[in-house]
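Participant: The primary structure of each chain is shown beneath.
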Amino acid sequence: MTDKAQLSAIVVYYEKYYYDDVEELFHAYKNGLDKTNLDYEIIYVIDGELPNVIDKLTGLSAAHPNIKIIKLGRWFGDATALEAGFDNATGDIIITLPSYQQVDANDIPKLIDGLKDKDMTIGWRYPRLDGFLNNIQQRFFNFLIKLFVGTHFHDLKCNVRAFKRDVLNHIYMYGDQDRFLPLWAWRYGYKVEEIKVRQFKKDFRQAFYPLRNYISRLLELISLFFLIKFTKKPIRFFGSSGLIVFSLGALLGIYLFIQRVFMGVPLADRPIVLVSILLLVFGVLSFSIGLIGELIIFTHAKDLKDYVIEKVIQYKNNKAS
Amino acid sequence: MDISIVIPFYNEEESIKPLYEAVVKAMSKLPYSYELVIVDDGSSDKTLDNAMELAQNDARVKIVKLKRNYGQTTGLHAGFKHAVGKYIVTMDGDLQNDPEDIGNMVAKLKEGYDIVLGWRYNRKDKLISRKLPSKIANWLVRTVTGIPVKDNGCAIRAYRAEIIKHFPMYSEMHRLLPVITALAGARFTQIKVKHHPRKFGSSKYGLSRIYKVILDLLALKTVFSSFSRPLFGFGFVALVFGLLFFISLAISLIQLVHFQYSTIVVTLGVTALLGILSLTLIFFGIISHLIYQSGNLKIENLYKFKYKNQLANSELINDR
Chain A
0 MTDKAQLSAI VVYYEKYYYD DVEELFHAYK NGLDKTNLDY EIIYVIDGEL
50 PNVIDKLTGL SAAHPNIKII KLGRWFGDAT ALEAGFDNAT GDIIITLPSY
100 QQVDANDIPK LIDGLKDKDM TIGWRYPRLD GFLNNIQQRF FNFLIKLFVG
150 THFHDLKCNV RAFKRDVLNH IYMYGDQDRF LPLWAWRYGY KVEEIKVRQF
200 KKDFRQAFYP LRNYISRLLE LISLFFLIKF TKKPIRFFGS SGLIVFSLGA
250 LLGIYLFIQR VFMGVPLADR PIVLVSILLL VFGVLSFSIG LIGELIIFTH
300 AKDLKDYVIE KVIQYKNNKA S
Chain B
0 MDISIVIPFY NEEESIKPLY EAVVKAMSKL PYSYELVIVD DGSSDKTLDN
50 AMELAQNDAR VKIVKLKRNY GQTTGLHAGF KHAVGKYIVT MDGDLQNDPE
100 DIGNMVAKLK EGYDIVLGWR YNRKDKLISR KLPSKIANWL VRTVTGIPVK
150 DNGCAIRAYR AEIIKHFPMY SEMHRLLPVI TALAGARFTQ IKVKHHPRKF
200 GSSKYGLSRI YKVILDLLAL KTVFSSFSRP LFGFGFVALV FGLLFFISLA
250 ISLIQLVHFQ YSTIVVTLGV TALLGILSLT LIFFGIISHL IYQSGNLKIE
300 NLYKFKYKNQ LANSELINDR
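Protein chains in written order, with numbering that gives the first Met the number 0: chain A, 0 to 320; chain B, 0 to 319.
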């Protein structure tokens, strides 16, 4: 298949992640994608060493010419694997699908239909079949996002997301930021909608994940917060926090100085002097980091295009008709 | 094309038509060709529909529609990108500026100035919530940068296009744009402009902007003044703390020799902290150099405009 597809489905297999039976998954997705009545291709990105999967996919692709297989040299992480898929996608509409069935594949057409008046539609598994513990965790995560970023989606862990190609032209992802793709899209001004889909009955969930998953998720959230709130004004954050801490240190220092001079309290063996100096040092460092941030923004501002022009309209003739 | 008039609109459905008519009326008296760039900054009301109506009947109207509301700076930036005129005039979309002033401003540009800033000498706004904060902000700008700006918040401004298009615009830079360009060596002047009370809609700024102006200014001033200093100004600060480090070290040593009964943990701790701060600042300075060298905007390049313009101006004077 050399000509352009209308719809590109991207399925990423991670070396370190759970996946369903390859053939069963393919047929489930094929069923769902057939129902969209669009010309489609399925792009498989293999992130890491998965010889079994590649063998099975190669077997499938003999009978189904609309399969593309991309193998990455080593394990690169979610966002990079997705980028590789995007680069090779020819469709104007792109849908990402996980390597295991999260949602009922028959609901895929719903998401594609939703793109008529939106730029991105993301799956929202509803009603949830997961346990109570999962729901609590999810709610807490959503609450944090709402608190930090100002908006939230109900199901950011659902990897079934359909969007127009244009969305990708403006959003640069790295590391594990693919989870927050809908948030970035929203931030850039694209219309993102959640569409309720049926959860697949065997959707793979653990009640708890290893601790490092939670830690990395929290760190991602913090970096997201900074990127969204202070990308273009680092001095406002680092500068003001630096100033506050510096003034605290200075006040403490003045207090100690007055005690020393007027009340004769000796300074040399009081550890609180260290606290005062530490605060001063932190204040100066924080402010300096803010200034360096400003320098970065100033010298690179031309590359940081963080807005999207939807269209430019000008009628050439005096009358439009 | 002589003049591009760039006006960002955010939810100004009532103002857009009267403003268009006022611009057309004002421009019809002037011998320049012009275009009107309407930037729709993600309005949720009928602003875009009304603008489309104007565009359909007038080929000089260009609409730049943004995906969502990004704020005035971004709106202007997007407008500048699509402006083709030799001179760019910006205005607020709320009818408080008078397009009749455009003629005077462009005349100043023709005299050789790079930026002409409007000055609302008879401002029609509320004293406490609008005029007072603005006065404080203007005073701050003047004091920090040394550029005698009388009315930094005035939206009606005229720029020579090639100057404005090279400047980075982010955050809320548009307000400081004249100051930045002046710092970079552009020739600027101010003229008195008319100001009308607001008729429709509501104002979109509040008091909170002063603290932002202060920090933005500080950052800008540092960026502009530090690039020629050793280690971007960090060198000097590091030196100060280095000096304190040596003083503190001396005190610790004296203490060690003369007051053997007291602990020196505190004084030595202070010494170590000061030394670390001094070193870290030097590292920051080095990093700043790396950033500056790898960046694609060099302040030296901004200064080049100055020389070019001075050249142009001296030729102008010779002509007379």
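None of these hints come from the bench; they were simulated from the model. There's no promise every hint is true.
[To be verified] Computed, partial: chain A to chain B, Cβ under 10 Å:
id, residue
1, Y189
2, E192
3, E193
4, K195
5, I234
6, R235
7, Y254
8, Q258
9, L266
[Said to hold, decoys possible] So these bits of chain A aren't anywhere near chain B, every CB distance computed over 10 Å:
id, residue
10, Y16
11, L59
12, K200
13, R269
14, H299
15, Q313
For every residue, glycine included, the Cβ atom is placed at its ideal position computed from N, Cα and C.
Participant: Determine for every hint whether it applies to the structure shown.
Facilitator: Hints, one by one, checked against the model:
1. Y189: Holds, about 7 Å.
2. E192: With a closest approach of 15 Å, the A:E192 hint is violated.
3. E193: Violated, about 18 Å.
4. K195: Given a least distance of 25 Å, the restraint on A:K195 is violated.
5. I234: holds, 4 Å
6. R235: holds, 5 Å
7. Y254: Violated, about 16 Å.
8. Q258: Result: violated, 14 Å to nearest chain B Cβ.
9. L266: Given a least distance of 8 Å, the restraint on A:L266 holds.
10. Y16: Holds: least Cβ distance 34 Å, greater than 10 Å.
11. L59: Its Cβ never comes within 10 Å of chain B, the nearest being 39 Å, so this holds.
12. K200: It holds; A:K200 is separated from chain B by about 38 Å at its closest Cβ, greater than 10 Å.
13. R269: violated, 6 Å
14. H299: Its Cβ does come within 10 Å of chain B, the nearest being 5 Å, so this is violated.
15. Q313: violated, 4 Å
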